[in-house]
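Novice: Listed here are the chains, written in short residue letters.
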Amino acid sequence: MTLTGPRKLWASLDPRLKGFVILGLCAFYPLFDQNPAHLNFLADACTFILLALGLNIVVGFAGLLDLGYAAFFAIGSYSYAMLASGQFNIHIPFWVMLFVASAIAAIFGILLGAPTLRLRGDYLAIVTLGFGEIVPQTFLNLSQWTNGPNGISALDQPVLFNYRFGLQTLPYFYVGLALVALAIVVVHNLQDSRLGRSWMAIREDELAAAHMGINTTKAKLSAFALGASFSGLAGVAYASKLNLVSPDAFQFNVSIFVLSMLVLGGMGNIYGVIAGSFLLSSLERFILPQATIFAHDLGFSQIDFSNFRFLMYGLILACIMLFRPAGLFPSRQRAAELTAGKTDETIAAHEQSMYTEAIE
Amino acid sequence: MSILALHGLTQRFGGLVAVKDLDFQIEEGTIVAMIGPNGAGKSTVFNVITGIYRPTAGSVEFNGKVIQGRKTSDIAALGIARTFQNIRLFAFMSALDNVMTGRHSRMRATLADALVRTPFAVREERLVRERALEILRFCGLERDAHSFASNLPYGAQRRLEIARALAGDPKLLLLDEPAAGMNPIEKDELIALIRRIRESGVTIFLIEHDMGLVMRISERIAVLDYGEKIAEGPPEAIRTNERVIEAYLGKPA
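Sequence order for the protein chains is L and X.
Take the first sequence: its position 158, counted from the start at 1, is 158 in our numbering, and no numbers get skipped.
To get our numbering, take the position in the second sequence, counting from 1, and add 1000.
One chain only, chain L, in its complex shape (with noise of 0.2 Å):
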């Protein structure tokens, strides 16, 4: 197939700058719709997608299948709410703690990689399950802390060049799209490394790998820690626009769906991830009120879609799984993967007909 005029431009362009192009052309929309719903609603979703694309570096490079994830968003929201209110009366710039938590969030990936480095698929999951329960509950039981299940409340809020964030929803939506810039283009130059290269060795073979020369420890650490960070940004980016933080907010099903969106998207693509993201980001805020709306103008007052959320979820990832297993956006890995069976074949083919060449 050749590409034509603009259409072979855009395939021509590096993939960084092509995510800069889109999130550009997102930056204008508030010209067309100043609803705060909608732009905090956006706001919301630009965090999620930094969750997803964190995970993304764990589950799809890596490939550890890390199912306690929301335990790095509490870690990173509530390095923002102690340090950064009147809480302890430490007050660390917004701009700062984006560093500071992401920082604080990498450790605490250490940490849980460390003990974790001899598990693989569902042991690994089990384990990191247990950290995604264990950590919620810490902050509600280190209630002379962390207030409990009251949670932390008048926090900072942000402040560039004496422009106060307050409690408007324009500027977060601003900072939203900005980190997510960030994390594109940081993702893209991991995938692009040596040390992305050593995360899918490991992925496919980690003994193999390590006869490459890998630190599989190293590699495997480095994993769990950048994928953290990136969910230290989305704590501080969700906490200071919410004002609040409390324990019930990272609860396991942050966690299954952040893994959803992977899924669902194409894990291990980038622009999968993100799509994924957005997709079930607005299925939970915007698509599923709007049908109870809609329902309720037709007549059926009694029905709220919104209960049916996780019921959606459900039929959504079965639906996923029997039509386009590897997600929407497959990268090429993934969709080769999943159609391996018949690769498989092919060289069973070869095999035999040399068998029967030799034999002849």
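In case anyone wonders, no lab produced these hints; they're calculated from the structure.
Keep in mind the model is a prediction, meaning the values are calculated, not measured.
Heads up, a few of these hints could be off.
Now the in silico label distances, taken between C-beta atoms and shown as ranges [to be verified]: (1) X:Arg1137 / L:Phe252: 50 to 60 Å; (2) L:Asp122 / X:Ala1192: 54 to 64 Å; (3) X:Asn1086 / L:Asn307: 23 to 33 Å; (4) X:Thr1110 / L:Gly24: 23 to 33 Å; (5) L:Phe252 / X:Asn1086: 34 to 44 Å.
With a Cα cut of at most 30 Å, we get these calculated DSS-like pairs of lysine-lysine [to be verified]: (6) L:Lys218 / X:Lys1171; (7) X:Lys1251 / L:Lys218; (8) X:Lys1071 / X:Lys1020; (9) L:Lys218 / X:Lys1071; (10) L:Lys18 / L:Lys8.
Covered by chain X, according to a simulated footprint, are these stretches of chain L (three or more residues, beta-carbon under 8 Å) [claimed, not checked]: (11) 182-190; (12) 195-201; (13) 206-214.
Think of the CB as a built atom: it goes at the ideal place given N, C-alpha and C, for glycine as much as any other residue.
Assemble the complex: chain L is given as a structure, and chain X must be docked to it using the hints.
Specialist: Using the frame of chain L, we list chain X on its own:
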């Protein structure tokens, strides 16, 4: 000077003695084969050399340095590369990426280089890519550079494993049954490839069941039976060695 020296190497798994008191040296620049019936402990020797197992007793010296007990990745970085008995390629990475991964231990880009894509990392990536393409050409795989490893025909997969191993500029190359499942034409190509590799200055230590190939290519042969070395010498001597014949065919009645 010998590039690899095994001294009194013993590997026990519970009650099973897989390798027993093995002494063996390999001279630099030679092609050496290790043969023996199934289960004789040949692959275990490879696994000990590359650091998968820590030997129960004895030592492994590479270029005069004791390496047993070190991490597999460190041993690879010292210059020992290997292929596997059952192919262990990175199935869903391109042939080129497989070979580039093989060069991991010769690359210097750090995490920080990767994050911000420094000019150093970009240049290194480009050089490694060029080198990997060169190695693919050397192994006759240039046309397959962008196919997934799993989509290559069987013989090409075996050669890709060798290419991946060569990418780290090893001094010693361990080949675990490189000719397994190959047809006669593929075997001839393999022999030519192994000779070319040796000419480039790499010492080769191989395990092989195909006697024709072993006799044609090796300068020295060691024979293992039940974990013990029962013979060692040039191919002509091994061919007529009584203990070897006995190990393969049984005692005359």
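Novice: Okay, Arg1137 (chain X) versus Phe252 (chain L) on CB: inside 50 to 60 Å?
Specialist: holds (52 Å)
Novice: Given the proposed pairing of Lys18 (chain L) with Lys8 (chain L), does the C-alpha separation stay at or below 30 Å?
Specialist: It holds: about 13 Å lies between the C-alpha atoms, which stays within 30 Å.
Novice: Between Lys218 (chain L) and Lys1171 (chain X), does the CA-CA distance stay at or below 30 Å?
Specialist: holds (25 Å)
Novice: Starting from the hint 23 to 33 Å, judge whether the C-beta atoms of Thr1110 (chain X) and Gly24 (chain L) obey it.
Specialist: holds (31 Å)
Novice: Check the hint pairing Lys1251 (chain X) with Lys218 (chain L) against an upper bound of 30 Å on the C-alpha distance.
Specialist: Outside the cut-off at roughly 52 Å; violated.
Novice: Between Phe252 (chain L) and Asn1086 (chain X), does the C-beta distance stay in 34 to 44 Å?
Specialist: 39 Å Cβ-Cβ, so the 34 to 44 Å window holds.
Novice: Taking 8 Å as the Cβ threshold, is the statement that the stretch 206-214 of chain L is covered by chain X upheld or broken by the three-residue rule?
Specialist: holds (count 8)
Novice: In this structure, is the beta-carbon distance linking Asp122 (chain L) and Ala1192 (chain X) contained in 54 to 64 Å?
Specialist: violated (46 Å)
Novice: Given the hinted pair Lys1071 (chain X) and Lys1020 (chain X), is their Cα-Cα distance within 30 Å?
Specialist: holds (23 Å)
Novice: Does Lys218 (chain L) pair with Lys1071 (chain X) here, judged by a C-alpha cut-off of 30 Å?
Specialist: holds (12 Å)
Novice: Three or more residues of the stretch 195-201 of chain L near chain X by CB distance under 8 Å?
Specialist: Since three or more residues must qualify, the claim that chain X covers the stretch 195-201 of chain L holds, with 6 doing so at under 8 Å.
Novice: Mind checking, does the stretch 182-190 of chain L have 3 or more residues with a CB under 8 Å from chain X?
Specialist: holds (count 3)
Taken one by one, the earlier hints fail for this structure at numbers 2, 3, 7, listed in ascending order.
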